[in-house]
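Chain residues, written in single-letter form:
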Amino acid sequence: MNGSRDLVLARIRTALADVPTAESPGGHPVARAYRSAHTSEDPAALRTLLAENLADYRATVHRTTSGALPALVSELLAARGTRTLAVPADLPPRWLTALHGVELVRDAPTLTAARLDAADSVLTGCALAVAETGTVVLDAGPAQGRRALTLVPDHHVCVVHADRIVASVPRALPLLDPRRPQTWISGPSATSDIELTRVEGVHGPRSLECVLVEPE
Amino acid sequence: MNTAYLGMPTFPRAAAGSVRDTRLRANLTHATHTIRDKRAAAVAEIDDWARLRQAGKDIKDRTLRHLDHYLLQTERAVTAAGGQVHWAADADEANRIVADLVRATGEREVVKVKSMATQEIGLNEALAAEGVAAYETDLAELIVQLGEDLPSHILVPAIHRNRGEIRDLFREAMGRWGRPAPDTLTDRPSDLAEAARLHLREKFLRAKVAVSGANFLVAETGTVVVVESEGNGRMCLTLPETLISVVGIEKVVPTWQDLEVFLQLLPRSSTAERMNPYTSMWAGVAEGDGPRAFHLVLLDNGRTATLADQVGRQALRCIRCSACLNVCPVYERAGGHAYGSPYPGPIGAILTPQLRGLQSDVDASLPYASSLCGACYEVCPVAIDIPEVLVHLRERVAEEAAGHRRERAGVRAATWLLDHPAAYAAALRAGARTRRLQPERLRLPGAAGSWSASRDLPRMPAASFRDWWRAHRARPRDARHGEGGPGAPPFREGGEAR
Chain U
1 MNGSRDLVLA RIRTALADVP TAESPGGHPV ARAYRSAHTS EDPAALRTLL
51 AENLADYRAT VHRTTSGALP ALVSELLAAR GTRTLAVPAD LPPRWLTALH
101 GVELVRDAPT LTAARLDAAD SVLTGCALAV AETGTVVLDA GPAQGRRALT
151 LVPDHHVCVV HADRIVASVP RALPLLDPRR PQTWISGPSA TSDIELTRVE
201 GVHGPRSLEC VLVEPE
Chain G
1001 MNTAYLGMPT FPRAAAGSVR DTRLRANLTH ATHTIRDKRA AAVAEIDDWA
1051 RLRQAGKDIK DRTLRHLDHY LLQTERAVTA AGGQVHWAAD ADEANRIVAD
1101 LVRATGEREV VKVKSMATQE IGLNEALAAE GVAAYETDLA ELIVQLGEDL
1151 PSHILVPAIH RNRGEIRDLF REAMGRWGRP APDTLTDRPS DLAEAARLHL
1201 REKFLRAKVA VSGANFLVAE TGTVVVVESE GNGRMCLTLP ETLISVVGIE
1251 KVVPTWQDLE VFLQLLPRSS TAERMNPYTS MWAGVAEGDG PRAFHLVLLD
1301 NGRTATLADQ VGRQALRCIR CSACLNVCPV YERAGGHAYG SPYPGPIGAI
1351 LTPQLRGLQS DVDASLPYAS SLCGACYEVC PVAIDIPEVL VHLRERVAEE
1401 AAGHRRERAG VRAATWLLDH PAAYAAALRA GARTRRLQPE RLRLPGAAGS
1451 WSASRDLPRM PAASFRDWWR AHRARPRDAR HGEGGPGAPP FREGGEAR
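So the protein sequences, as listed, match chains U and G. 27 is the number that the numbering used here gives to position 27 of the first sequence; each next residue is one higher, with no gaps. 1382 is the number that the numbering used here gives to position 382 of the second sequence; each next residue is one higher, with no gaps.
Watch out, some of these pointers could steer you wrong.
What the hints assert, rightly or not - Distance condition first, Cα-Cα at most 16 Å in a straight line; then the derived EDC-like pairs of lysine to aspartate or glutamate:
| # | chain 1 | residue 1 | chain 2 | residue 2 |
| --- | --- | --- | --- | --- |
| 1 | G | K1038 | U | E195 |
| 2 | G | K1203 | G | D1168 |
| 3 | G | K1203 | G | E1109 |
| 4 | G | K1038 | U | D56 |
| 5 | G | K1208 | G | E1107 |
| 6 | G | K1203 | G | D1100 |
| 7 | G | K1208 | G | D1100 |
| 8 | G | K1208 | G | E1241 |
| 9 | G | K1203 | U | D117 |
Hints were generated in silico from the structure; no laboratory data involved.
Throw the hints in and build the complete structure from the sequences for me.
Below, the structure written as structure tokens:
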């Protein structure tokens, strides 16, 4: 803190001389006439829309059931040639039961970025997913690990349970804690900085695979 | 606002050069037309766009009208979350705060997330003067930095460069900053992005200090929001030990709920996506996850002066989406550099002169860098009436700046002429009779020359409307019917291209 705090605040108050002193911050109306969702909130329709929108942004989408999840995870990692897999410390052990010959790197604050850089893939869950925008949200909650975990490895497999899917951004925010670190992910890393040609994979993971776990 | 762009010519002079650069115009036309069409499609997908836009405008207006309240709330929330808040009255102070914070860590380099605020204050140059290297990590910003160039677009700073130029630049300059580009580098965008990935990954993995801006600050929770695509932002925001975010005081929104409006408005307006690939949010520091120290530098640098102008204040609603640049016929032809500021295009034409003041010739020329067509207002997701502010600022330039005596004298002469119909008719007749002798352009001396040099004179009609009307009204209706040539209204000819 410094002397400029009072200076800036005084400048603001002088600049706002036209605002009636009786007006409270809430006293200037905000018209919230917009929709809280733009789509049907039927769960099956939301799953389909999420899958479409994720795929539209070049994420690969797989749909499975809880029982078949471990086999699918094993299959996806094998197809990728993954030998080292980074996982959150609290990943449900069941997800990994079909893995063979894959070295696990468990997330911890002591795990360095260089060590993560050497991992082929990362497997996590998510806090929720937004169907309209094709977004998965991670908030360092259960089965998600630290933010760096899903950032440094080049291949991210993200498991989305059907009951975590919401329709829209306005439906998502009330379910999230603004004090937790969050990462909203919509498709793999991408750039359009060169002649507006979209290129996937610059600094974040180049491949994002989302596994939607349907109700049995 | 400081003088990062000192020495720039006024807009008309700078634009005169860039409109002749055919490669630049081709790059810009391709880019702006591509993105404007995509934006229109992304916006059309949701049918409550107008209502979202109204809410965005209302939320920003509420914030601005009580900015002191919301900044103090932000300060309390960030501090409670383990961050430290600093206040900077101007660019120099902000640069000094950041330099001192970096020096206190003992580090000599920082990685940077693309940020308009740090571009505005010339932070990289200020850090260099203190012996600290600042590495831009956004691909476009990297292109600009390697080229010792200036950004020319808010969203795509290297929009003026094509792939061949970028390949040459990477080959030539990357090695001077770190890992060189491979000798076999092609001009394919995917190869260029890969070269940037390898070049920057070294820096991300060793960086101890990062500097960012922010897209939004939530007052009630102290949450900072950074919206990006490449993942370079996430790298900078989560891997280093110290994070310093320089944020304009107008970036505050009151509540967590307010993000539901802006996270819909911004991606669709900016990159024409339903949602950008990555959004990072954090409040203060999180135990065991991300930086151990977080500093928020709240930046004034001309924003309070802008706030004081009741018409111009609406420019502070801007969320830096750049939609107005992509639809602007003037930006498309003149390019971003002509605006002499990190903020080009229509929003730059109203924001820059308000942040910096109207004293310099460059800044006094910016409110005129527009055709007032209004396309910018149409696409603005927070409904900034840019044409209204442009006209208002032109009035301020005319009142405050010197050199407008001739304009006032001209308007006085025109007023007299319009008040005296006989003299007006005589002047028109004289004009019509001498039409073959009139030049295509006037070459006025002195300050007026900058106006006349870029404008063709309209071609005088053969007769004034009044004379034409007098000659034709008297004739019988059927005699006029079917008649061409001499009987045609005079303005047809006057309106023809030469």
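Has the given pair, K1038(G) with E195(U), been kept, meaning a C-alpha gap of at most 16 Å?
14 Å, holds
Keeping to a limit of 16 Å between CA atoms, is the pair of K1203(G) and E1109(G) held or broken?
The hint holds at about 9 Å.
With a cut-off of 16 Å on the C-alpha distance, tell me whether K1203(G) and D117(U) pass.
13 Å, holds
Hinted pair, alpha-carbon criterion (16 Å max): K1038(G), D56(U). Please report holds or violated.
14 Å, holds
Are the Cα atoms of K1208(G) and E1107(G) separated by 16 Å or less?
7 Å, holds
Hinted pair K1208(G) and D1100(G), Cα distance within 16 Å:
15 Å, holds
For a C-alpha distance cap of 16 Å, please report whether K1208(G) and E1241(G) respect it.
5 Å, holds
Between the alpha carbons of K1203(G) and D1168(G), is the straight-line distance 16 Å or under?
22 Å, violated
Holds or violated: K1203(G) and D1100(G), Cα atoms, limit 16 Å.
21 Å, violated
Comparing the model with each numbered hint stated earlier shows that hints 2, 6 do not hold.
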